[in-house]
Amino acid sequence: MTDYELVLRGEIGDHFGLVFDGMRLERDRGRTVLTGDVRDQAQLHGLIERIQELGLELISVNPTGVDA
Amino acid sequence: MSSGAPPLLVTKLHPPAVPHQAVVRERLFARLGEGRGRRMTLVAGPAGFGKSTLLAAWREWEARPVAWVSLDEGDNDEVVLWSHVVGALARACRGLDGQALAAMVASAPVTEVALPRLVNELAEVPECALVLDDFHRLTSATARESVAWFVERLPASVQLVLSTRTDPSLPLGTLRARGQLLELRADALRFTAREAGEFLNGRLGLDLAAADVELLTARTEGWPAGIYLAALSLHGKPDKPGLVAAFDGTSAHVVDFLAGEVLASFDPSLQDFMLRTSVLERLSAPLCDAVLQDGDAAAALETLARSNLFLIPLDDRREWFRFHHLFAQILRMELERREPGAAGALHRRAYEWHLAAGTTDEAIHHAVCAGAFDDAAALIEETWVHYANAGRTSSVADWLGRFPRERVDGDARLLTVSAWVAALRGREDEMRAAAERAGELGGLDDGPQPDGFASLGSSLSLLRATFAWGDVGAVLEHGMRSAQLEGPDSPWRPVVTWALGWAHYCAGDLDEAERWLRETVERTPPTDQWIVGVASIADLSLIAGLRGQRAEQLRLGREAVEVARERGLLDAVEDGEVHTAHGVALQAHGRPGDALPELERGVFLRRLWAQPLDLADGLLALVPTLAALGDRERAEEVLDEAAAILAACPDPGALPQRLAAARRELERGDELSERERTILRLLGGVLTEREIARELFLSFNTVHTHVKAIYRKLGVTSRAEAVAQSPR
Numbered sequence: 001m002t003d004y005e006l007v008l009r010g011e012i013g014d015h016f017g018l019v020f021d022g023m024r025l026e027r028d029r030g031r032t033v034l035t036g037d038v039r040d041q042a043q044l045h046g047l048i049e050r051i052q053e054l055g056l057e058l059i060s061v062n063p064t065g066v067d068a
Numbered sequence: 001m002s003s004g005a006p007p008l009l010v011t012k013l014h015p016p017a018v019p020h021q022a023v024v025r026e027r028l029f030a031r032l033g034e035g036r037g038r039r040m041t042l043v044a045g046p047a048g049f050g051k052s053t054l055l056a057a058w059r060e061w062e063a064r065p066v067a068w069v070s071l072d073e074g075d076n077d078e079v080v081l082w083s084h085v086v087g088a089l090a091r092a093c094r095g096l097d098g099q100a101l102a103a104m105v106a107s108a109p110v111t112e113v114a115l116p117r118l119v120n121e122l123a124e125v126p127e128c129a130l131v132l133d134d135f136h137r138l139t140s141a142t143a144r145e146s147v148a149w150f151v152e153r154l155p156a157s158v159q160l161v162l163s164t165r166t167d168p169s170l171p172l173g174t175l176r177a178r179g180q181l182l183e184l185r186a187d188a189l190r191f192t193a194r195e196a197g198e199f200l201n202g203r204l205g206l207d208l209a210a211a212d213v214e215l216l217t218a219r220t221e222g223w224p225a226g227i228y229l230a231a232l233s234l235h236g237k238p239d240k241p242g243l244v245a246a247f248d249g250t251s252a253h254v255v256d257f258l259a260g261e262v263l264a265s266f267d268p269s270l271q272d273f274m275l276r277t278s279v280l281e282r283l284s285a286p287l288c289d290a291v292l293q294d295g296d297a298a299a300a301l302e303t304l305a306r307s308n309l310f311l312i313p314l315d316d317r318r319e320w321f322r323f324h325h326l327f328a329q330i331l332r333m334e335l336e337r338r339e340p341g342a343a344g345a346l347h348r349r350a351y352e353w354h355l356a357a358g359t360t361d362e363a364i365h366h367a368v369c370a371g372a373f374d375d376a377a378a379l380i381e382e383t384w385v386h387y388a389n390a391g392r393t394s395s396v397a398d399w400l401g402r403f404p405r406e407r408v409d410g411d412a413r414l415l416t417v418s419a420w421v422a423a424l425r426g427r428e429d430e431m432r433a434a435a436e437r438a439g440e441l442g443g444l445d446d447g448p449q450p451d452g453f454a455s456l457g458s459s460l461s462l463l464r465a466t467f468a469w470g471d472v473g474a475v476l477e478h479g480m481r482s483a484q485l486e487g488p489d490s491p492w493r494p495v496v497t498w499a500l501g502w503a504h505y506c507a508g509d510l511d512e513a514e515r516w517l518r519e520t521v522e523r524t525p526p527t528d529q530w531i532v533g534v535a536s537i538a539d540l541s542l543i544a545g546l547r548g549q550r551a552e553q554l555r556l557g558r559e560a561v562e563v564a565r566e567r568g569l570l571d572a573v574e575d576g577e578v579h580t581a582h583g584v585a586l587q588a589h590g591r592p593g594d595a596l597p598e599l600e601r602g603v604f605l606r607r608l609w610a611q612p613l614d615l616a617d618g619l620l621a622l623v624p625t626l627a628a629l630g631d632r633e634r635a636e637e638v639l640d641e642a643a644a645i646l647a648a649c650p651d652p653g654a655l656p657q658r659l660a661a662a663r664r665e666l667e668r669g670d671e672l673s674e675r676e677r678t679i680l681r682l683l684g685g686v687l688t689e690r691e692i693a694r695e696l697f698l699s700f701n702t703v704h705t706h707v708k709a710i711y712r713k714l715g716v717t718s719r720a721e722a723v724a725q726s727p728r
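Protein sequences, first through last, are from chains A and B.
Its first residue numbered 1, the first sequence is counted upward by one per residue in the numbering used here.
Its first residue numbered 1, the second sequence is counted upward by one per residue in the numbering used here.
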């Protein structure tokens with residue numbers, strides 16, 4: 001279990017959280033930041049794939065938190 | 001287990017229909033044309049860049065025939081992948097023998113046999129192109145490697161086009177460096193303002209001001225899906241400039257802003273229709289009626305399909321459709337937002353419909369999506385044998401992979417299927433782990449199984465007998481147990497009797513072996529178990545050979561080949577012994593030249609089958625032929641390899657004795673006979689061969705034959721060399 005932060009270009013609404021496994025969404029100056037717990041690599045890649053499928057642009061992926 | 005090609009999902013061979021509103025992007029057609037003569041054309045861009053539409057339009061515009069395959073997860077099984085590719089190419093290029101190629105893909109190793117044949121046939125037909133759409137769905141290494149092989153060897157007359165969201169794991173760098181790669185990437189695929197204008201105003205008649213078109217293009221950055229969503233949301237709206245201005249005024253992403261607008265423009269019942277049917281990969285009126293429990297699907301589909309913006313037809317008869325991918329994503333999201341958890345029930349109904357329709361693949365998919373693992377498991381347990389027979393073992397492995405770990409680990413039946421699947425894929429450790437766990441769970445005597453076994457215990461016994469990984473004793477032990485459990489009317493009986501026959505042959509008990517093998521041959525036609533049927537005929541040929549019954553040996557060897565050919569098993573990995581037996585028979589009849597290719601083929605196939613005793617048997621069969629052809633060095637290498645394999649076998653039966661005998665034979669065969677030594681001595685003198693013949697009171701022909709044998713044994717080609725080499 002690791003906390004991850006994924007930054008997307010463009011601002012998307014909270015209802016997108018449903019697609020992103022209940023991650024938190026924060027919008028800021030033309031970007032959306034997804035934060036939340038990611039169980040494992042498979043889940044992380046699943047999130048990235050869904051971002052792709054929606055035609056969203058992924059800017060960065062970073063683990064956050066103490067063990068990062 | 002019988003054999004057959006997997007059914008083709010014809011809709012995959014059908015390119016998406018080009019919407020009549022689509023803009024003709026001639027500048028991109030020209031670029032695609034630059035790919036002619038290069039090994040690969042790559043169209044790479046994220047979702048929504050119009051790759052499929054572009055290629056479908058190009059296909060209509062191109063003079064050359066263009067074959068099309070829309071890839072999906074099923075194509076990770078290379079048999080499924082190449083079956084569809086062959087099907088697509090056969091439709092597009094006249095002159096290709098689609099049926100023969102498809103049969104080969106299903107029953108022979110793909111990269112080693114079927115693809116070379118395909119490549120050869122393609123070289124003989126006129127120029128064409130092949131589009132593999134959604135290439136990013138191919139994630140398995142074997143499937144990818146088979147494509148890499150194909151890329152390297154296809155004739156210059158075939159333009160291979162891969163359309164993908166992510167750069168494939170293929171040697172792109174090398175192709176780029178060699179000028180063999182043509183790339184069309186996102187920046188090339190973006191709409192220019194002119195193209196956007198042509199679409200929005202020219203095709204859809206939205207009558208937007210030039211400034212508004214510019215604005216939309218800039219705001220979406222030419223992202224075709226974004227422009228498409230803009231078109232959907234503007235469709236039927238009275239205040240178009242107002243909407244464009246609102247879009248410009250917000251920082252919301254295109255997808256977020258427009259998605260809501262698009263749905264809102266439909267009346268509620270149509271919205272509902274779209275939201276609920278979004279769980280389906282492909283839609284037809286009867287299927288939608290079943291999922292929605294409604295009778296109006298045909299009308300709704302008609303409405304949506306009319307504008308060609310929402311639904312994409314998958315065939316010519318407008319029976320099957322799918323949503324535009326991005327739109328489907330948005331719909332699924334919105335469904336979850338409005339009715340959390342509702343998708344489960346919809347998947348369930350889709351499962352039931354597909355189950356009744358016999359489209360097992362989709363039934364299993366929907367069952368898994370619905371979390372109905374019991375139903376999915378039941379289907380897999382019933383049908384796995386058919387998939388295995390059709391060469392689609394990987395498909396079954398993939399489905400099992402989608403189950404939660406605990407669900408499989410706690411289910412003896414599923415574990416047993418996993419064990420069989422692992423064994424068929426040559427994975428010994430996986431097979432043992434699954435079989436052991438199944439044994440631990442117990443309940444192995446709970447009666448007849450959906451796949452025809454008398455009990456789970458019987459299935460596991462036969463599994464261990466068929467895949468013994470070099471342990472003859474184990475085959476006999478598990479085989480005898482299975483023989484007690486699978487009676488004469490069981491569909492699995494021939495597999496049991498074949499395993500026992502083979503084990504007795506390995507153990508050197510020829511009479512016992514013959515008894516079991518004959519029973520197998522008799523029970524083959526009613527049970528359709530041709531794989532073991534053919535193998536048994538081949539094994540009987542080998543036994544006849546060991547008994548010195550050469551006429552019978554050759555007759556059986558030929559019969560095995562004939563039946564294998566009839567049943568499409570001539571290049572099956574499971575039936576390598578057909579070639580071994582035929583080769584051994586030819587060798588016994590003094591035809592080493594004809595025997596060699598057969599024996600090599602046998603070894604090749606048996607190596608892929610991965611059972612050590614099979615491989616050792618195939619290698620041993622090669623030795624006499626190699627010796628007869630004078631390749632002593634290779635004969636020794638082969639013997640050494642066989643020895644190493646047998647040394648690692650827990651119980652190699654009588655094969656080590658056979659190996660020792662073969663080694664002795666090889667050594668002796670090298671020695672000159674008394675007569676030959678005498679002649680060689682005389683060759684060292686001045687007499688001609690005729691004079692030598694008179695000396696020894698032999699005919700000239702006899703002496704000449706001996707001289708040839710001497711040259712062969714010494715590995716020389718002239719009298720002088722022979723004399724120089726003669727032993728003191």
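Source of the hints: derived by calculation from the structure; they are not laboratory data.
Quantities reported herein were computed from a predicted structural model and do not represent experimental measurements.
Among the hints, a few may not be true.
Chain A side only, calculated, beta carbon under 10 Å to chain B, not exhaustive [stated by the list, open to error]: (1) Gln-52; (2) Glu-53; (3) Leu-54; (4) Glu-57.
The following residues of chain A were derived to be distant from chain B, with all beta-carbon distances above 12 Å [to be verified]: (5) Tyr-4; (6) Ile-12; (7) His-15; (8) Gly-36; (9) Gln-41; (10) Thr-64.
Beta carbons are placed, not taken as given, at the ideal position from N, Cα and C, and that holds for glycine.
Each hint, compared with the structure:
For Gln-52 (chain A), the suggested interface contact is upheld, since its CB lies about 6 Å from the closest CB of chain B, less than 10 Å. Of the supplied interface hints, the one on Glu-53 (chain A) holds, with its beta-carbon coming within about 5 Å of a beta-carbon of chain B, less than 10 Å. Here the hint on Leu-54 (chain A) is kept, as its CB sits about 6 Å from the closest CB of chain B, short of 10 Å. Against a cut-off of 10 Å between C-beta atoms, the interface hint on Glu-57 (chain A) holds, since the closest Cβ of chain B lies about 8 Å away.
Once the 12 Å rule is applied to beta carbons, Tyr-4 (chain A) is consistent with being away from chain B; the minimum gap is 20 Å. Residue-level check failed: Ile-12 (chain A) sits 4 Å from the nearest beta carbon of chain B, not beyond 12 Å. The claim that His-15 (chain A) lies off the interface is violated: its Cβ sits roughly 5 Å from the closest Cβ of chain B, which falls inside the 12 Å cut-off. Distance check on Gly-36 (chain A): its Cβ is at least 17 Å (rounded) from any Cβ of chain B, clearing the 12 Å threshold; non-interface status holds.
Interface exclusion of Gln-41 (chain A) from chain B stands, the closest Cβ pair being 14 Å apart, more than 12 Å. For Thr-64 (chain A), the condition that its CB be more than 12 Å from all CB atoms of chain B holds, with the nearest at approximately 23 Å.
Going through the hint list in order, the structure does not satisfy hints 6 and 7.
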